[in-house]
Structure formats: C-alpha cells, structure tokens
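Line by line, the protein sequences give chains A and B.
Mapping of the first sequence onto this note's numbering: residues 1 to 792, in sequence order.
Mapping of the second sequence onto this note's numbering: residues 793 to 956, in sequence order.
Wrong hints could be hidden among the right ones.
Keeping only pairs whose Cα atoms sit at most 20 Å apart, straight-line, the calculated DMTMM-like set for lysine to aspartate or glutamate is [what the hints assert, rightly or not]:
#1 A:LYS19 <-> B:GLU870
#2 A:LYS19 <-> B:GLU867
#3 A:LYS562 <-> A:ASP486
#4 A:LYS654 <-> B:GLU915
#5 A:LYS275 <-> A:ASP34
#6 A:LYS275 <-> B:GLU870
#7 A:LYS19 <-> B:GLU884
#8 A:LYS562 <-> A:ASP533
#9 A:LYS19 <-> A:ASP533
#10 A:LYS210 <-> A:GLU239
#11 A:LYS68 <-> B:ASP820
#12 A:LYS19 <-> A:GLU509
#13 A:LYS353 <-> A:GLU239
#14 A:LYS353 <-> A:GLU167
#15 A:LYS68 <-> B:GLU807
#16 A:LYS214 <-> A:ASP535
#17 A:LYS654 <-> A:GLU444
#18 A:LYS275 <-> A:ASP486
#19 A:LYS68 <-> B:GLU821
#20 A:LYS68 <-> B:GLU809
#21 A:LYS654 <-> B:GLU867
#22 A:LYS654 <-> A:GLU453
#23 A:LYS654 <-> B:GLU918
#24 A:LYS494 <-> A:ASP526
#25 A:LYS68 <-> A:GLU115
#26 A:LYS353 <-> A:GLU176
These are computed hints drawn from the structure, not numbers from a lab.
The lines below spell out each chain.
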Amino acid sequence: MTATEQHGAPAAFGPMRRKEDARFVRGRGSYVDDIVLPGMLHGAVLRSPHAHARITSIDTAAAEAHPKVKAVITGQTLAGLNLAWMPTLSNDTQAVLATDKVRFQGQEVAFVVAEDRYSARDALELIEVDYEALPAVVDARRALDADAPVIRDDVDGRTDNHIFDWETGAAARTEEVFRDAEVTVAEDILYPRVHPAPLETCGAVADFDKVTGKLTVWETTQAPHAHRTLYAIVAGLPEHKIRVISPDIGGGFGGKVGIYPGYVCAVVGSIVTGKPVKWVEDRSENLMSTAFARDFHMRGEVAASRDGRIRAVRVSVLADHGAFNGTAQPTKYPAGFFGVFTGSYDLEAADCKVTGVYTNKAPGGVAYACSFRITEAVYLVERMVDVLAYRLGMDPAELRMRNLLRPDQFPYSSQTGWVYDSGDYQRQLALAMELAGYQELRAEQRERRERGELMGIGVSFFTEAVGAGPRKHMDILGLGMADGADLQMHPTGKAVLRISVQTQGQGHETTFAQIVANELGIPADDVEVVHGDTDSTPFGLGTYGSRSTPVSGAATAVVARKVRERARIVASAMLEVSPDDLEWDGARWFVRGDPDQGKTIPEIAFAAHSSLELPDGVEGHLDAQTVYNPPSLTYPSGAYICVVEVDPGTGGVKLRRLVAVDDCGVRINPMIVEGQVHGGLADGVGMALMQVIAFDSDGNCLGGSFMDYLLPTAMECPSWELGETVTPSPHHPIGAKGVGESATVGSPPAVVNAVIDALRPYGVRHADMPLTPAQIWRTIQGRPFRTDLAIT
Amino acid sequence: MQVTVTVNDTEYTREVEPRLLLIHFLRDELGLTGSHWGCDTSNCGACVVWLDGTPVKSCTVLAVMADGRAVRTVEGLERGGQLDPVQQGFMECHGLQCGFCTPGMMMTARWLLDRNPDPTEAEIREAISGQICRCTGYENIVRSVRWAAGHSAPEATEATEVTA
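One chain only, chain B, in its complex shape:
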C-alpha cells in the first residue's frame, strides 16, 4: 500500500506492507532511529511519537494508520537549530543514563508542557506513567521536566537567549 506521512514537517510517500508498524516505518523506511522499539505490548513507551499532536505508542500503530497524518519524533524536537527546553532539561538534570527511553519520555514531556506549562511532580509522574525507564528511577526525569517548565519553548523565545 502507498502511504503519505508528514514526519517532522517533511512529507514522505512510501510503498509499505499493510502490517508494517509505524515504529518500523520510521526506523527502517525513513532512517529515523531516534524512536526506539522496546516491548511489543505498549508497556514501555520507548516508541512514543506524536500522531497529529497526540502521543502514541508507535509499536502498536500501523504505518497505514498514519496515512495523511502528521508525525513528530524526537528528531523534530529541535527547532531552528535550538534545542527544546525539554532536551535541555534532560541534559541539565541528568534525566537520562542509557538514553533508550529518553526520546519517548521527551515527546510525552513536551506534549504535557504544551497543555500544562507548570505541572506538579504528581502530574508529571502521571503523564509518564505509561513509560518505563530502567536507569533513572524517574527522579531526574521529573526534575528535567520541571526544569523545562521553567524555560520557554524555542518558538516563543527565538529573540531571547535560553540560558542553562
């Protein structure tokens, strides 16, 4: 089947098997290996990307379901050469160790902050509760998201310097 998907503002048209998972479409067809595959069962969230602005677990979405829709992945977090505050926050607060869950965590965090710019610790924990990190014990992920909450997204701050 032919699908046309806009990924990180670029339109891609590919011939795919109907059963191809979105995560494999992104990784194997488009070479966007930032999103990871971790469990098959929608439990770990290493594969979280946005589909039309909403986080989905791309291991349980078919590529054909993304036809005509917009996907945003970790590779699309950086805007205008500037890191998203979420990316900066994860670096500042040691929000990652092995880095495997990080892209999915950051996509959920950006989605949360877009809707709730000043989330509590409990709200952050609930937002990432469908995702697993095996390294950090979640503490520094929560701190990273809190750090990002205190720093505006690049679209809003292109004229001002985001300081670490």
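Bound-form chain A, shown alone:
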C-alpha cells in the first residue's frame, strides 16, 4: 500500500496488492475449463490433416454409433442452419466446419458431442473423411503468382489470392526526398508468424435453455459484449436472450478476441442436444488453428543526410493473412495501426503500401500484444534506423537522439496523420543510457572485440498509439470503439463499478477500484469491480490493443466524477448551502471558508438514500452511468537497451541485460505496470530469439506443440532493469496511457539490434527473427535462411 497522503485522503494511486490474488493463490480461480454444469456434455473438433484439400466425403456413422456419443455435427449439418460460414472481424467469411475444402492444416471439419472428453476424442477417430489433396500456397511471396492455386474459390468470381491494398503517407513527396537524399538504405525484413500461446487454451461452455430460450456461454473471450452481438447477428438469436460470460481468463494477448469455430460448435451442440456442452481445445489445436500474429514481409527504405538526419521512410509490406481474413482490428485499418511506422522521429515525408494475401495457413493476423500491428511498425523502423547507423558509421543511440521528436513539438502530427499527444523522448533515452551505463558498455565492447569476443548492444525507441477509438474513426463490424461504465453507490458508501472491459491478468479488479477511490476519497477495498458478464455490465468493445486504461479507465474516472457531482448537490442540502459554495478536498465536499463543515462520500451516500429533502429535480441516490468515447489515442513510449553475448562456435545468444524505460503517463498501480512490462520483455525475447510458426512446403505446421514452438523460461530471461519517465496524456481524465503491450512492441528490435551489433565483425547488417543458434550460425556463414519456411 502506498503511504503517501494527498489532500488529507489516502492517495489511491500507488502499488497495491491485487484483490484478485486471494482466489488465485488458493487455486480457486474460475476458468472456463473449471466450469461444470449438471448433465454437461463434452465436445471435440475433428481437424484437417491437409493444408489444402477438397473434401469428397465424410462418413460419421461409426462415430454416431459410439455408445457415449450424443451428436456429430458436420459442415452439412451447419449448412442446414445457415451456420456453416460465419463473418470474421474483418468483414470476410470463415468456415465454421468445412463443407467444400479445407484451407489450412488444423481447420475444423466436424464436431463430436459425447458424455465425457475422452469418449469425444475417441469418436473423432471413427469419422472417415476422404480428401483430394490440392497444392498449397505456403510462401506468401508466391501467393499472387499467376499459377498459384486459388484458395478462396468459395467466393464467386475470385481468381486470385489477393485480399486488399492499403496505402498511407505521400508517395510522390517521399520519392522527391529519396531522389534528393545524400544517403539511402534499404533492407528486406520479415516479422515471422508467431502465436500468442496464452497458457490457457481457448474453450467454451454453452448452455441453451429451450424453455426460456436463453443461451448462456462461458467463453475464453477478451470481448464478451462484441461476441454477444455477433452471436445475435450470426445465429439470429435475440440479443437479450444471449449472455456471454468471460470468467477468469488464463492470458489472452489478443488471441482471445475473435470468435472461433469451436465456440459456435459448442453453442450448436447445446441447442442440438438440449444439454450444456463444454469444448476446450488442446495445445496443438491452439497453436495450429487460433489467431496467429505478425507474418509481415516488409521492405524498408530510409533517406537521410550524411550527418545522420533521417528525412523519409518508405515501406512496402506483403501481409500473410492465412486462409480467412480474420484480423481483429478497426474496420478502416486493414493493416492495423501500421501507419505509425514513422516511429518517434520528425520526418519530411513517409509512404507505405500494404498488400494482404491469402495463404493455406491459419487465420488471425492481429494478436499477441501488438497494439494493432504497431509491433511490426516499430520493428521495421527501429531495425532500419540501425541499418542506417551501420551505413553511416554512427552510434545507434546518438543517431536516435539526433532525430527524436522534441518536447516542444507535441502535439505532433506525423507524416501519416497520427497525432502524438505527449512525450519527452530525449530525456527518456538519456535515462535508459544512464541506467545501462551505455558509454561503459561500448568501451567494454571495444576491448572484447579486440579479443575476438562477440558482444552486442542494441537500442530501440518506440512510440505506440493505443486506446481505440474514437468511435468516429474506429469500429469493429460497425460497433464503435467506445466503452461504458456504471457506478453504483450503496447507502453505506461502498461502491460497485461495472465495466465493459475484461481482465485476462491485467488486474482490473484492483486498478479500476483505485481509480474510483482516487476520485471519491474512499478506500479501494470499498469498491467492487464487476466485469466479464454481459448481463451485468455495460456495453463496450473489450480488452485488447492496450485499450482498457485509455478507454475504460477514463470511463471509470468520468463516471466517478459524475457521482461526485451528484454528491455535491446532496451535500449542499445536508449542509444547507449552495452547491457553488462547496469545494472538494479529495475526500469531502466542504464549505468554502469553513473547512470544518464538510461531508464525506459515505456520509453523503447514506443521506442520498435517506428521508433528507433534496432540491427539486434531484432524484436521490448517487448512481451514475457513462459511455466514454475517447477523443484520441494515447501515445506511450519506451527507450530500451539490450546487451547480449554471442558464442561464435555455436551461434547461441546469452541475453545479459535488458533495460526498459517506459513512459505510460500517470501510473495507477506501478506494481502492476512493472509486472506488465516484465511480461512483455520476456515475450519480446521469445520472438527475437526462439518463437516462430513455420511451415513446410506442403503446409504442415512446424510449430504445433510446445516441443516445437519454444517459449522463454526463467533460464532465458535475465533480471529485467526498469526505469520510468512520466509524461501525462493531456486528453485522458487521469493522464494515463496504455502500457499492456509496450514491452512486447519495444523489446524485439532492442534484442535483434543487439545480436546484429554483436555480429558486426562479420559484416552482418540484418538477419530475420527468430535468431536461433542455427540462424545465427548460418548468418555468420553468409547464408541466413527464411525463418518462415522449413530450413532447406
């Protein structure tokens, strides 16, 4: 607990132990797979072994004859209900269960409902599917070839695998700067496909009550309200008869935003059998079929002056979206917020073209703490700045320092139209360099290079744009990105806050209580936070893209201020003065000039429920509601420095240090902020050095288990070194910015830049992630390989 005092009331912001931990440390969390309903059945999904194949027949007779099987559902069953296909979050369609073809390995083909989970799995083995294998599109760079097989021939008239072209910036102006520039550099940079792999896989328990017509679905979802609306639209069920509950969630990282076929199958299974149906995928199903992330094939170019002034950045991107365009992002942004690829620098011009293509891989595309593709944008620009530093022979930290936006340039309109709210970048980078002992590290590096040792120092600086909406510009399937908050004040001054966002570990039950406590001068322990149940929370778009604090945190502050203003009127009746004569001191409304005359929120709350005569037009009680439509995004930033050592004999990387100085504006609970940064740093290390979902030439997924898809353990992670600067967001009610994804965005370029810096004696300017020992060894030999394809 914080010990600081503010305006005579306990300061509510500060490190506070989490309320939710009491149940978790006792093993009393309630995750989807923990939910057991009377008579509940279990579902399992039959998946395609092929990446691309035509289904010639499905025989379910043997499975249906299994004594414990209650139902077998195929694409044909669903077609009869008009549910074989469902809309994706990007206005495409996705097969719930395949009817014509399978389009990626692991695609859903049939669903079995049985009395227990083992029998359901047994019955999958009894389903006979005949496939006619088709050539697969595995390499995104060949997806638009004239002879490439057409994946989405379910769409009339489609003759290629092209999804979209998107452009931002000014091509002609950028070309002018490039023509005129003293120095230009270019590099092909791959951000390979990865998977967020939350420790809890995806699952659902669906319970359709035929008598009341009410459908209740417990789901691993980051966006329960959006799911409810989509179920209403897709299945034609009345929305008030649908209740989506997102209970405790074992990590999301963006992988639990969309609706998966398994959820729909569980719902159909419950409707068909009249019993509750549980479906929980296994790890391979999770890695092979749920939302992947990244898969951006980028070419970056930078124009600069000889003395290191960055003038323009140009990017072209080939985006691999898999077999269905299922990215979860605001509708008008098919490449997410990749438009912030101009980074934290003041440029003369910028230009970007993105082309999205279908391949025979799992759908998804925006997931894994990426802030809607900002991860890719930051990786691109921060890699390119190092490529430029290499070319110019300049220190990469000095090059950045020379080009970072200055504090007096905020609010800053970027060349691609993003308005950065606030920042103090030079101070932030200087602090990171001081914490790291940057000059000493460079001196050590010089000495060690003379001894033939490979030591690398990597720098990255990033700015994120998080907290979508405003809803005028940002919606998902027509649903504007604004979020509600309701605050109920009980007579004794205890509060219940209901919010639309849902925690997957972010600690909302604690931090959102702290926001209310800060506004009303009551203890955070007196505020109960209700979330994750559409029947008891206001509508909103959910938790992803670091939007909870920027949007719902703001909604919470605003609704608490509404309560405070209502309390002012009641207090004026209690004290028999005009509301205009009252002042708020952080815990009480008191009479101006007579501070002894005052009332606390609990005192006022009781009076508001009492027989006290209230002014005309005042209804009584203090409860309030709001919907917060953010005026703009918030722009957190970070300066990261990584130190590595590389073994030239094995290509192995030892991560020695990772220094992270984050600025997320005002910190509500610094303990939780730091915890989120820690987690993101580990994620970034994983992506830089270990994690990739690659495919062989037949489209077989090579990252389908934790034996193959390597995640960092405590052994690969150093003890993180954190620092902070605080530049409040000028437009957020409490000055906060989102931070949940900052470290995942900022750390991969820091780690990769460090490894490439270590390899400088070999003349290496770039190599693609993950920088495994094999990739580093091959890079040293001058033969780096395509990490997204099977090593050949």
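For chain A, the structure is supplied; the task is to place chain B on it using the hints.
Structure of chain B alone, referenced to chain A:
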C-alpha cells in the same frame, strides 16, 4: 480400475479408466480445479502437483500410477487456515497475473524451499525452468519465492504471526 489416492490428506477411492491422466482425475473426478492443464507435452508445468513429495507434471502421469500414493495440490498448500509463505509471497510480490501457471509454480517453489530454505536467484530460476509463465517474465515469481524464503512455513510458526 479402482484407485485409492490420498490427496491433500484425504483418501479418495474411484473407479477410473486405465488411461485417465492424473490431472483429469484431480480436476474432473475430485473437482480440484486449482491445478491446470496447459500443454499435453510436459513443457508448461501448469499441472505440477506433488506425488509422494516430489513435483510431477500430472498431465503425463496416469491416475493409476498414483494408486496408494499421496498427492498434494495447490488446494493443500494452506495449512490450518493459514496461507503458506509461498502463497503470501506471490501476493506480496505480484508473482502472478492471469494466475494460470501459479498453482504449479507455487508447488515447485514450496518443494524447493523445503530442500533449500535460502535459494539464490539462479537456483530459483533453475527450479522453475520446466514451467512456463506467459505474463510475468518470471522476475516477480523469483522475488515471490525469495520473499517466501524469508518467512517460515506455517507448521513451524503456528505460535507466531507471519507478517506481510
């Protein structure tokens, strides 16, 4: 097959399929859902419980292998109404976020501290190296175990107050 397993000092006898995994026995047969299933391949450690005092990954142990033996799960960490210092440490040091890996991490941590009451950071990292956390970057898990190392287990401290 019939198995008799003592879980958290209570004896349970159940009729089970020979192939039933211990994690499913604990979760589905006994309703002890504190231990989690995460990967199938013994990589993530969300399912770690003690079998006769030794941590095992219960997703790769058959329930029948636990016949006649003693299992301790996260539900059995609390003793006499008092949290184990490991549980307290995870709360004090923000050693968990989503909470899914936490039970397994805490079972390994208690086992480590019983054998090595004052482990170094490196020893803690090695002890949990067979387990995956996707939220914390491990830093605060290590701190939580260090915190617990400085606070005695409840059996030894029933007469004294464990302070936060």
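A quick look at each hint next to the structure:
no. : hint                  : result
1   : A:LYS19 <-> B:GLU870  : holds, 18 Å
2   : A:LYS19 <-> B:GLU867  : holds, 19 Å
3   : A:LYS562 <-> A:ASP486 : holds, 10 Å
4   : A:LYS654 <-> B:GLU915 : holds, 18 Å
5   : A:LYS275 <-> A:ASP34  : holds, 17 Å
6   : A:LYS275 <-> B:GLU870 : violated, 36 Å
7   : A:LYS19 <-> B:GLU884  : holds, 11 Å
8   : A:LYS562 <-> A:ASP533 : violated, 24 Å
9   : A:LYS19 <-> A:ASP533  : holds, 18 Å
10  : A:LYS210 <-> A:GLU239 : holds, 16 Å
11  : A:LYS68 <-> B:ASP820  : holds, 17 Å
12  : A:LYS19 <-> A:GLU509  : holds, 6 Å
13  : A:LYS353 <-> A:GLU239 : violated, 39 Å
14  : A:LYS353 <-> A:GLU167 : holds, 4 Å
15  : A:LYS68 <-> B:GLU807  : holds, 17 Å
16  : A:LYS214 <-> A:ASP535 : holds, 12 Å
17  : A:LYS654 <-> A:GLU444 : holds, 16 Å
18  : A:LYS275 <-> A:ASP486 : violated, 34 Å
19  : A:LYS68 <-> B:GLU821  : holds, 18 Å
20  : A:LYS68 <-> B:GLU809  : holds, 14 Å
21  : A:LYS654 <-> B:GLU867 : violated, 38 Å
22  : A:LYS654 <-> A:GLU453 : holds, 13 Å
23  : A:LYS654 <-> B:GLU918 : holds, 16 Å
24  : A:LYS494 <-> A:ASP526 : holds, 5 Å
25  : A:LYS68 <-> A:GLU115  : holds, 5 Å
26  : A:LYS353 <-> A:GLU176 : holds, 17 Å
In summary, the numbered hints that this structure violates are 6, 8, 13, 18 and 21.
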